[in-house]
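Engineer: Please take these sequences and the hints and turn them into a complete structure.
Protein sequence lines, in the order shown, are assigned to chains A and B.
Here the first sequence is numbered in this note's numbering, starting from 1 and rising by one per residue.
Here the second sequence is numbered in this note's numbering, starting from 1 and rising by one per residue.
Simulated from the structure, these hints should not be mistaken for lab results.
There's no promise every hint is true.
Result set (DSBU-like, lysine-lysine): computed pairs, CA atoms no more than 30 Å apart in a straight line [said to hold, decoys possible]:
| id | chain 1 | residue 1 | chain 2 | residue 2 |
| --- | --- | --- | --- | --- |
| 1 | B | K71 | A | K55 |
| 2 | B | K42 | A | K3 |
| 3 | B | K71 | B | K37 |
| 4 | B | K42 | A | K53 |
| 5 | A | K53 | A | K71 |
| 6 | A | K57 | A | K70 |
| 7 | A | K55 | B | K68 |
| 8 | B | K37 | A | K71 |
| 9 | A | K57 | B | K68 |
| 10 | A | K57 | A | K71 |
| 11 | A | K3 | B | K71 |
| 12 | B | K37 | B | K57 |
| 13 | A | K57 | B | K71 |
| 14 | B | K111 | A | K57 |
| 15 | A | K55 | B | K37 |
| 16 | B | K111 | B | K22 |
| 17 | B | K42 | B | K111 |
| 18 | B | K111 | A | K71 |
| 19 | A | K57 | A | K18 |
| 20 | A | K71 | A | K18 |
| 21 | A | K55 | B | K42 |
| 22 | A | K71 | A | K13 |
| 23 | A | K3 | B | K37 |
| 24 | A | K3 | B | K57 |
| 25 | B | K111 | B | K57 |
| 26 | B | K57 | B | K68 |
| 27 | A | K57 | B | K42 |
| 28 | B | K42 | A | K18 |
| 29 | B | K22 | B | K57 |
| 30 | B | K42 | B | K57 |
| 31 | A | K3 | A | K71 |
| 32 | B | K42 | B | K22 |
| 33 | B | K22 | B | K37 |
| 34 | A | K57 | B | K58 |
| 35 | A | K57 | A | K13 |
| 36 | B | K71 | B | K22 |
| 37 | B | K42 | A | K13 |
| 38 | A | K70 | A | K13 |
| 39 | B | K58 | A | K70 |
| 40 | B | K71 | B | K58 |
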Amino acid sequence: DVKVTQSSRYLVKRTGEKVFLECVQDMDHENMFWYRQDPGLGLRLIYFSYDVKMKEKGDIPEGYSVSREKKERFSLILESASTNQTSMYLCASSLRGVEAFFGQGTRLTVV
Amino acid sequence: GENVEQHPSTLSVQEGDSAVIKCTYSDSASNYFPWYKQELGKGPQLIIDIRSNVGEKKDQRIAVTLNKTAKHFSLHITETQPEDSAVYFCVEGSGNTGKLIFGQGTTLQVKP
Numbered sequence: 001d002v003k004v005t006q007s008s009r010y011l012v013k014r015t016g017e018k019v020f021l022e023c024v025q026d027m028d029h030e031n032m033f034w035y036r037q038d039p040g041l042g043l044r045l046i047y048f049s050y051d052v053k054m055k056e057k058g059d060i061p062e063g064y065s066v067s068r069e070k071k072e073r074f075s076l077i078l079e080s081a082s083t084n085q086t087s088m089y090l091c092a093s094s095l096r097g098v099e100a101f102f103g104q105g106t107r108l109t110v111v
Numbered sequence: 001g002e003n004v005e006q007h008p009s010t011l012s013v014q015e016g017d018s019a020v021i022k023c024t025y026s027d028s029a030s031n032y033f034p035w036y037k038q039e040l041g042k043g044p045q046l047i048i049d050i051r052s053n054v055g056e057k058k059d060q061r062i063a064v065t066l067n068k069t070a071k072h073f074s075l076h077i078t079e080t081q082p083e084d085s086a087v088y089f090c091v092e093g094s095g096n097t098g099k100l101i102f103g104q105g106t107t108l109q110v111k112p
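Structural biologist: Below is the structure:
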């Protein structure tokens, strides 16, 4: 079974902190994604990576950066957390052009 | 670039009735259109997908249709059951990179 693991299920951080969300997949997938999910807005793509060290901005990259140094790991970085970044963050991985598998999500609260 | 509009945002049907969710997309180069179901507290899971060289695909009670000319695609669920209650997302997939853009989601409630 494909497994996508996010490092934390729940996270509380203070405004201005640098926050790291980690995601690891065990199926040698080329593609990895970071989405945020907010009520009524669906899943909005923050960043997408199609290979090691390759990334592409999604719809809402402002305030975020990503790192993919190894194929299995994709990190989302909030450079200086703000309250409007309070959300559910979902990581996913896929082979190109087929089913994406999601992690269990990280609910981040910025206070 | 890719952009997906999904309607309706909420849908309530009686058990046994049909449910239809519609999406439009913007990038004519997109060629992969999956649908995901998200149950409470879980990540989205693929339920069916269709590629741009096919107009219709069916899997038991679920069918998807694709109109490439109009850039529309739809999900049809027949004989709905209470366990079909969930949030459904349509997705536009880019063939070149595999980038996946989600619609806004439809909350389906099936009343017993």
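Engineer: Of all the hints given earlier, name the ones this structure violates by number, lowest first.
Structural biologist: 11, 14, 18, 34 and 39
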